[in-house]
Amino acid sequence: MKIKILIGVIVLCLLVIYSTAYIVDETEQVVITQFGEAIGEPKLNPGIYFKIPVIQVSNYFPKNLLEWDGDPGQVPTLDKTFLWVDTFARWKIIDPLKFFRTVNNLTGAMGRLDDIIDPAVRNFITSFPLIETVRATNREMDTFEIGVDQSKDQERNLGEVNTGRKKIVEGILKQAQPKLDQFGIELVDVAIKRLNYVEDVQKSVYERMIAERKQIAEKFRSEGQGEARKIEGNVEKELKRITSEAYRTAQEIKGKADAESTYIYAQAYEQDPDFYYFLRSLEVYRKSMKKDTSLILSTDSDLLKLFKDYESGRK
Amino acid sequence: MAWDWDKLQSQRKSNPDRDTGIPPGIEDVFEKIKRSKGKLPGGMWLIILAAIIIFLGSSCFYTVGVNEVGVVQRFGKFERITKPGLNFKLPRGIEKVTNVKVDFVFKEEFGLRTLGPGVRTRYAPGSSYLNESLMLTGDLNVAVVPWIVQYRIKDPYKYLFKVNNVTSTLRDLAESSMRLIVGDSSINEVISKREEIAIQAKNFLQKELDNAETGIKIVAVEMKKTNVPEPVQPSFNEVNQATQEKEKVIYQAKEQYNKVIPAAKGDAEKTIRSAEGYALDRVNRAEGDVSRFRSLYTEYAKSKDVTRKRLYLEAIEEILPKLGEKYIVDANQKNLLPLLNLGKSQGGSK
Chain A
154 MKIKILIGVI VLCLLVIYST AYIVDETEQV VITQFGEAIG EPKLNPGIYF
204 KIPVIQVSNY FPKNLLEWDG DPGQVPTLDK TFLWVDTFAR WKIIDPLKFF
254 RTVNNLTGAM GRLDDIIDPA VRNFITSFPL IETVRATNRE MDTFEIGVDQ
304 SKDQERNLGE VNTGRKKIVE GILKQAQPKL DQFGIELVDV AIKRLNYVED
354 VQKSVYERMI AERKQIAEKF RSEGQGEARK IEGNVEKELK RITSEAYRTA
404 QEIKGKADAE STYIYAQAYE QDPDFYYFLR SLEVYRKSMK KDTSLILSTD
454 SDLLKLFKDY ESGRK
Chain Y
-2 MAWDWDKLQS QRKSNPDRDT GIPPGIEDVF EKIKRSKGKL PGGMWLIILA
48 AIIIFLGSSC FYTVGVNEVG VVQRFGKFER ITKPGLNFKL PRGIEKVTNV
98 KVDFVFKEEF GLRTLGPGVR TRYAPGSSYL NESLMLTGDL NVAVVPWIVQ
148 YRIKDPYKYL FKVNNVTSTL RDLAESSMRL IVGDSSINEV ISKREEIAIQ
198 AKNFLQKELD NAETGIKIVA VEMKKTNVPE PVQPSFNEVN QATQEKEKVI
248 YQAKEQYNKV IPAAKGDAEK TIRSAEGYAL DRVNRAEGDV SRFRSLYTEY
298 AKSKDVTRKR LYLEAIEEIL PKLGEKYIVD ANQKNLLPLL NLGKSQGGSK
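Chains as they are written, first to last, in the working numbering: chain A, 154 to 468; chain Y, -2 to 347.
Among the hints, a few may not be true.
[Unchecked claim] The calculated lysine to aspartate or glutamate pairs, modelled on EDC-like cross-linking and capped at a C-alpha distance of 20 Å, are:
1) A/Lys409 to Y/Glu210
2) Y/Lys159 to A/Asp267
3) A/Lys356 to Y/Glu227
4) Y/Lys306 to A/Asp455
5) A/Lys319 to Y/Asp286
6) Y/Lys262 to A/Glu398
7) Y/Lys222 to Y/Glu193
8) A/Lys444 to Y/Glu314
9) Y/Lys98 to Y/Glu193
10) Y/Lys245 to A/Glu376
11) A/Lys251 to A/Asp267
12) A/Lys196 to Y/Glu76
13) A/Lys245 to A/Glu179
14) Y/Lys267 to A/Asp455
15) Y/Lys159 to A/Glu220
16) Y/Lys299 to A/Asp222
17) Y/Lys319 to A/Glu436
18) A/Lys245 to A/Asp222
19) Y/Lys74 to A/Glu181
20) Y/Lys251 to A/Glu385
21) A/Lys319 to A/Asp271
Since the hints were made in silico from the structure, they are not lab data.
Go ahead and model the full structure; you've got the sequences and the hints to work with.
Printed below as a string of structure tokens:
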């Protein structure tokens, strides 16, 4: 019997320990409540703690980074483009006591976050032009293909980026954070996860993209044609240049040769122009008189004067 | 041995009841078994005891896989990180171990899903995950950007305790980082400079992950085939085609050029060469003529009259036989007209 009592006592002890001790995990923090009223400091550090069984209840809250996913929805921008925006935020419970008193549990907290972050996101996106939400910096982008240089002038004016997405997101955070203090919540950051055109806008954007591309394609084609014409023109020009240059050179060469030969002849024949005339005449006779040439010679001529008067040759 | 000491210490400190409670219990049970031999009244106790011992004993050792570490928590508080192999800990209820794969490279896919990896990996149709991959570019166009993120767990402590749902945090951050980078690039850059965008996204994402204390190290951000949305694709192809066409037309023109110009150059060369030939001809002939004249003249100068006559007569001698009709007319005959018809009617006779 003694043994049985002893065992009973042991079991009882274990039960008491089991119901008084509680473990706080690394990822948790605990608020102890007594009849629904928070008692003592919240347990922020992990480890084993004790409480009065039955009367006191331990309420666990996560201590690590929690996530909040916004309800994706349509938001118009300042320039009246409808966007489909999906945001998310990360938050922490920094004051579990406040948190327990004001929102009680995670589901409640999510509701409050919805109420506060969603309007903040809307406020910011509606008060900036589309480009500010999309872009982060004002850096120069490579918007057109290499070679289509003139299109720079025709480029759509996208507008200046003065704020950028990072600052918009920071703005949302700054607007939402103070409102969450009262719940013991720290909003670590808010970010835009997805950002798209709504379906109707998307269709017209596609059409614009297609038109833009077609225009670029057309530009390439006509550039090709232009380039080809230029080359064809070059062919003609080159052709004329080459033939005319050759002609000029040839004429120059010939002219020089003519001049040189004239000089050579003149130098020699200058000695006795009369003799040259005589010789050259004979040469001409030789060449020009042929079979079909009829010759009428007078007996007066030098050749035939002997015919009439044999004496006349000896003068 | 330090481990044993820890165990002893902690048992004494945090759970003194169990220390003093259980061992006497065991002795008592043994004693009872000894006393009541054969009757088996303590049989029930024995079974319960064995169950408890097995239960506690089995939770006293654990194995950590090759690419893992074990994270041990004592009463919820982080205690130590253990290496791969067989390890011991305090029984269940006191110490808890979580194995974390630290060397394993995890993969998250965005805008695509691998259906079956293999030599030819199959992917789920991209259109089903368009909401993940459709993005606004900096020039307010729309691009389809599927990508994957590979990561390792660098800090198991942070990974386990600092963030509530690491995977979904990673996915959210990855999407927002990628959209931020793509949102600041033009559609052309998104399509042609994927590598740069991937690097930028990786750096940005790593910074965000560090800020969030996820304990994750990004191994790689890899862009899959970036493209424009399907309805726009034909027009992008048209641009490519137009580029080809442009080059084709230019090449054709160049072909024409190459066909005509070298031939023309040859022709020009020919013209010049023949002119040079002409020049040589002229000069040589002139020199020849002149040299002949000079030689002749030298002799002529010696006896002018005779030579002159000789040359004259020689020439006449040579010419006259070649001629067809010859008429000799008396010097006194004035009227030549009647003679002119002679050749036509009578032939060469007089």
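Each hint tested on the structure:
For a cut-off of 20 Å, the pair hint linking A/Lys409 to Y/Glu210 is broken: about 94 Å separates their Cα positions. Proximity of Y/Lys159 to A/Asp267 is assessed by CA-CA distance (about 23 Å); at most 20 Å being required, the pair is judged violated. A distance of roughly 12 Å separates the Cα atoms of A/Lys356 and Y/Glu227; the hinted pair therefore holds under the 20 Å criterion. Distance restraint check for Y/Lys306 and A/Asp455: the Cα-Cα separation of roughly 10 Å lies within the 20 Å cut-off, and the hinted pair is therefore satisfied.
A C-alpha spacing of about 100 Å is found between A/Lys319 and Y/Asp286, which places the hinted pair above 20 Å, so the restraint is violated. A distance of roughly 10 Å separates the Cα atoms of Y/Lys262 and A/Glu398; the hinted pair therefore holds under the 20 Å criterion. With a CA separation close to 14 Å, the supplied pair Y/Lys222 and Y/Glu193 stays within the 20 Å bound. Restraint check for A/Lys444 and Y/Glu314: satisfied, since their Cα atoms lie roughly 14 Å apart, inside the 20 Å limit.
Proximity of Y/Lys98 to Y/Glu193 is assessed by CA-CA distance (about 30 Å); at most 20 Å being required, the pair is judged violated. For the given pair, Y/Lys245 sits about 12 Å from A/Glu376 by alpha-carbon distance, which is consistent with the 20 Å threshold. With a C-alpha separation of about 19 Å, the suggested pairing of A/Lys251 with A/Asp267 holds against the 20 Å cut-off. For the given pair, A/Lys196 sits about 18 Å from Y/Glu76 by alpha-carbon distance, which is consistent with the 20 Å threshold.
For the suggested pair A/Lys245 and A/Glu179, the alpha carbons sit about 14 Å apart, so the restraint of at most 20 Å is met. Among the hinted pairs, Y/Lys267 with A/Asp455 is inconsistent with the structure: their alpha-carbon atoms are about 52 Å apart, more than 20 Å. Our distance criterion of 20 Å between C-alpha atoms is met by Y/Lys159 and A/Glu220, whose separation comes to about 12 Å. With a CA separation close to 131 Å, the supplied pair Y/Lys299 and A/Asp222 exceeds the 20 Å bound.
Distance check on the hinted pair: Y/Lys319 and A/Glu436 sit about 14 Å apart at the alpha-carbon level, within 20 Å; holds. For the given pair, A/Lys245 sits about 14 Å from A/Asp222 by alpha-carbon distance, which is consistent with the 20 Å threshold. Between Y/Lys74 and A/Glu181 the CA atoms are separated by roughly 10 Å; this keeps the pair inside 20 Å, and the hint holds. In summary, the hint linking Y/Lys251 to A/Glu385 is supported, as the alpha carbons are separated by about 8 Å, within the 20 Å threshold.
As the CA atoms of A/Lys319 and A/Asp271 are separated by approximately 17 Å, the hinted pair is consistent with the 20 Å bound.
Checked against the numbered hints given earlier, the structure breaks hints 1, 2, 5, 9, 14, 16 and satisfies all the rest.
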